[in-house]
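Number of protein chains: 4
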Amino acid sequence: MIIVMKKTATEEQIDSVTEKIKAAGHDTNISRGTNRIVIGAIGDESKLTPEMFDPMPGVEFSMHIVKQYKIVSRESHTTNSIIDIRGIPIGGKQIQVIAGPCSVETQAQMDLAAQQVVASGCRLMRGGAFKPRTSPYTFQGTGVDGLKIFRTAADKYHLPIVTELMDVRMLDTFLEQDVDLIQIGTRNMQNFDLLKEVGRINKPVILKRGLSATIAEWLMAAEYIAAGGNHQIIFCERGIRTFETAYRNVLDITCIPVLKRETHLPVIIDPSHAGGKSWMVPALARAAIAAGADGLLIEMHPNPCEAWCDSDQALSPQELNQLMESLNDIARAIGRSI
Amino acid sequence: MIIVMKKTATEEQIDSVTEKIKAAGHDTNISRGTNRIVIGAIGDESKLTPEMFDPMPGVEFSMHIVKQYKIVSRESHTTNSIIDIRGIPIGGKQIQVIAGPCSVETQAQMDLAAQQVVASGCRLMRGGAFKPRTSPYTFQGTGVDGLKIFRTAADKYHLPIVTELMDVRMLDTFLEQDVDLIQIGTRNMQNFDLLKEVGRINKPVILKRGLSATIAEWLMAAEYIAAGGNHQIIFCERGIRTFETAYRNVLDITCIPVLKRETHLPVIIDPSHAGGKSWMVPALARAAIAAGADGLLIEMHPNPCEAWCDSDQALSPQELNQLMESLNDIARAIGRSI
Amino acid sequence: MIIVMKKTATEEQIDSVTEKIKAAGHDTNISRGTNRIVIGAIGDESKLTPEMFDPMPGVEFSMHIVKQYKIVSRESHTTNSIIDIRGIPIGGKQIQVIAGPCSVETQAQMDLAAQQVVASGCRLMRGGAFKPRTSPYTFQGTGVDGLKIFRTAADKYHLPIVTELMDVRMLDTFLEQDVDLIQIGTRNMQNFDLLKEVGRINKPVILKRGLSATIAEWLMAAEYIAAGGNHQIIFCERGIRTFETAYRNVLDITCIPVLKRETHLPVIIDPSHAGGKSWMVPALARAAIAAGADGLLIEMHPNPCEAWCDSDQALSPQELNQLMESLNDIARAIGRSI
Amino acid sequence: MIIVMKKTATEEQIDSVTEKIKAAGHDTNISRGTNRIVIGAIGDESKLTPEMFDPMPGVEFSMHIVKQYKIVSRESHTTNSIIDIRGIPIGGKQIQVIAGPCSVETQAQMDLAAQQVVASGCRLMRGGAFKPRTSPYTFQGTGVDGLKIFRTAADKYHLPIVTELMDVRMLDTFLEQDVDLIQIGTRNMQNFDLLKEVGRINKPVILKRGLSATIAEWLMAAEYIAAGGNHQIIFCERGIRTFETAYRNVLDITCIPVLKRETHLPVIIDPSHAGGKSWMVPALARAAIAAGADGLLIEMHPNPCEAWCDSDQALSPQELNQLMESLNDIARAIGRSI
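Protein sequence lines, in the order shown, are assigned to chains A, B, C and D.
Going from the first sequence to this note's numbering is simple: count from 1 and add 37.
Going from the second sequence to this note's numbering is simple: count from 1 and add 37.
Going from the third sequence to this note's numbering is simple: count from 1 and add 37.
Going from the fourth sequence to this note's numbering is simple: count from 1 and add 37.
In case anyone wonders, no lab produced these hints; they're calculated from the structure.
Virtual Cβ for every residue (Gly too), placed ideally from N, Cα, C.
Mixed in with the good hints there might be a few duds.
Stated by the list, open to error - Covered stretches of chain B, going by a simulated chain D footprint (3 or more residues, C-beta under 8 Å):
hint: 1; region: 38-45
hint: 2; region: 65-77
hint: 3; region: 80-86
hint: 4; region: 102-112
hint: 5; region: 278-289
So here's chain A without its partners, still in its complex pose:
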């Protein structure tokens, strides 16, 4: 932690800062420069915060110099973590494409979708039973019934399932239905009570990035889960909010190399929600793999035009098949496989 003093800071003000640092059990280093005096606090940074020093007289600003995430950081664990989803690895050389409809509708729809997911070569299936919708007057998902339909369909094809948990009170139901990979959605990235609950269970978790969450906040949200004991965390970028209005969100591809440097955990990409239109998905999916993503989360519906939700962003089964071929070629070009 460093504390930069104002040019006009007095010796008394400098002493107050060093005394506060020492009271917290740290040593200090004082660097007297031409224009500023910089005080370094030597010891475990996590016990000190900028808030402790910023309001003190004579202080210009203070800042941590060590990042505040620990368990999820690359510094604490230098090799890549591979998360096992019922035998399917995420984070290794093999790239996983998780496909399926935006929302669970009927048993027939999910059975057909599961068959198509397998046929396309994907090894995991997604589907939403609980839907976070902007308007209270639109379809809110088929709920617990939908979850059972999904489990039944996926089991026929031995597919592990991925679905979103929105409410802590539904966690037991998710465990009863043995959801293989629990998704924490964009709007809940900083729902800290929900993060703490999934931190206490032994199930892999996909943590989607909040719409305007910084990389640091996202890593800290993962740290909430990890601090509870659950280290099976997969980051999922799904587009961030910017000024641009020509597409729903901006897929932040730069987060891939940056997360790979900052954390040992896998990173996947959701190109469907990022752009919001199915015709953008192939380009974004290819870019994600080329940039080093460990997997993709893609919306596919047996009949996109008739989907109950987000019908304009789902691929058809034929489009998914074509995309998988193309992704295979990209994966090979960078020494990986799909």
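With chain A fixed as given, assemble chains B, C and D onto it according to the hints.
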């Protein structure tokens, strides 16, 4: 709802769109322009969504022309709604300043703070028992004990209390402690399960704007509460996330006149969280009142430097007193009072 | 300047950094903490840049601790600078409202507008002869003829004029027409050649903030002007670009107290371009004055509906008169006058 | 163009709007829905603007339904345009990588760089003689001398050159030095006088996207160039400004498929400026090619650590060589070549 067809759209594609509109029970109007054909769907817009039409062949784009919020809209209720908080009105000619510490620490701290809140002329008190913190390793609030301490302190001075609800499982406790005004925080603006729950109770709710929520999303989040039957909703702007790094967030003062036009519900401003530094609070608070805000939510701590949380953004009791005088003058200048 | 070394940095890497610092003529201070080593460079920071150190092996990051703007900084000049515009002061206790049409149209329109500006109590007039328009197919301004019309109209009422300079090649014409206050527009905030040119003349300059310029970049752009010798600079905030689509831009009121702390130069606000709609102007204008702005730049047109440009954001003369009264009351409330 | 009337609009207000439309020589279509009346203006949209209708009584909002760019639009020219740079095609099946140092320093540096550019397999060279720097106190480029050095070095290796034009007054010098591809930089994307000037010459132009320019604004900026007669325009995305602080800018990969749909002109990507760190460049470059970019603009310096400018974002010659191999594999995977 209008559907704009591509320049190259065929008559068959136009027919498909009009048939889909008619199948939903609506009439159509076709406007054949020089470069585009625009199809209007005539009837209740809420049954149609752009997603239904955007993936159809020949469609360029489609859009609602009526806003999707109803109960909270000014169109549904043309006069200003005044929310009554145990006898204190919010939304009328009198402006309310809600002051108090960021977090509940001890009974002595809260007793002193309550006394200072009253002395400054404020009529409601704020305080956090459950704290949404970016890091799992920092102080998380004093919880239920803190809530009881707050209730006790406020009761001594007959102050209604405002505090944040983060977890649906805590709602009963909030009702037992008779929290007078329940705050839904920034990170939970789109926690739809939480919104539904506070929509079912008979308690006023402050709905803070999400860090990057649009005005339309914010109004729709309020509609979630209103749709459950609870119309006692107060909007609170607390700064939005932008590219600027010189201050924590950008206080969006423009939302005040815009919300006043779009909704009949009160609008208050939190200048403390917006800027993140106590020295910015007076200027932002004055601007908010001048722009037409119905109230303010301000952090004040008996001893800011020793606060357990956000110590750099709390006013001292003396600073709050001075600010109240200045706000009084501004309020008078626009024909209101504090 | 401080350089933070990676946890894994070797002594050789530390030595390379300190040698590079010494080679630039600076002393060093090394602070060996528990998790990081921080190297301080002692001496004139402006000779060092983070780019010099960031690519070196073992370096985690480096940063300036002193701000890079000098002449415009409050540190270099502690009292407020007052800029004199032909006898009208900007930056003192008296607040200046600069009003006039978006664009110069005809002599009759400008004569009438000038009369109305004076009648409303404003002391300076604005008007655009050269217009930066998004589309090449829309009205581009009346150019040099417009400038002469403006000068003629303003002279009749002894009003100093404010108008935008877009092209370095027009500077001589601006000097010939004796433009009293030259505006550098939003899109040219980092047109460094233009900034250098207005830095060489002896005329006051309004520097509008770029649509997504940080406070630091804005101050550095002003430093370009100041470094040339022209210190008569007025900052003008006119709304920043964010994710919000309900209004054109977000007026960043927080910049007022922040600039007042960082620089000695005056700060004015353009509420007309910020919101983009005339009905938003009064609330934003009042907020700006309440927050401490030294002036306003407001669009007023004799007949807004018939304006050739931005007709939806101009006030009518009657609306301007009403606003001036209300601003007067706000100004008095904070101990200033209009 | 459609004009949506308020629910409360009177017949007189509707008549005023239709009369204004007819006065402009257009027909009208009136669609009377359940909640709103929508008036369609039939005819050439470019003569009407929302500003003409938005301030009229009874109007809720109005909008264009046809995009305002013409020459650059895919609608006006359905096949891909290929721009020829002294025999090197951009926009065809072959992808072009333009490499070279951030800034021209010395003849020896540029000679060496040119040799390395050729050796890596690149066919065009970049280099900056005029540098847009945030601070007036940092290196501003070697100017006209630098331009000559660049021309000399590139000619030795028969490389077409790309360099940035910042000031209209330098255009003649650029033509004298026969710059093969003129770059309009990020900060000048809406420097309309500069755009008009390069619109009058017969030289290909790279138009970089403004830091917070929307796709629509960018296309309109290109339309400024095209409207002057110069249709040899190449779009270059270089990262947009967002809330994220972990990297300089966010590379907006989604713009590639979107521009490919909206315009017939080539699209290239600058991964060096986007991320701001050389270690991010390979991932971003691969993603860009995979997403369909027609080329890349990459910073390479013979000795990055000693570069006079942006030394932390330049690749070394060895890194460029490795990247080219990897890009070759990606290009083949999508049926293109490098």
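Quick rundown of the hints versus the structure:
1. With 3 residues having a Cβ less than 8 Å from any Cβ of chain D, the region 38-45 of chain B passes the three-residue criterion, so the hint holds.
2. Beta-carbon proximity to chain D at under 8 Å applies to 9 residues in the region 65-77 of chain B; the threshold of 3 is reached and the given coverage holds.
3. Here the region 80-86 of chain B counts 3 residues with a CB under 8 Å from a CB of chain D, which clears the bar of 3, and the coverage holds.
4. Coverage of the region 102-112 of chain B by chain D holds [criterion: at least 3 residues with CB-CB distance below 8 Å; count 3].
5. A count of 4 residues in the region 278-289 of chain B with a Cβ less than 8 Å from any Cβ of chain D is obtained; the coverage claim is therefore met, three being the minimum.
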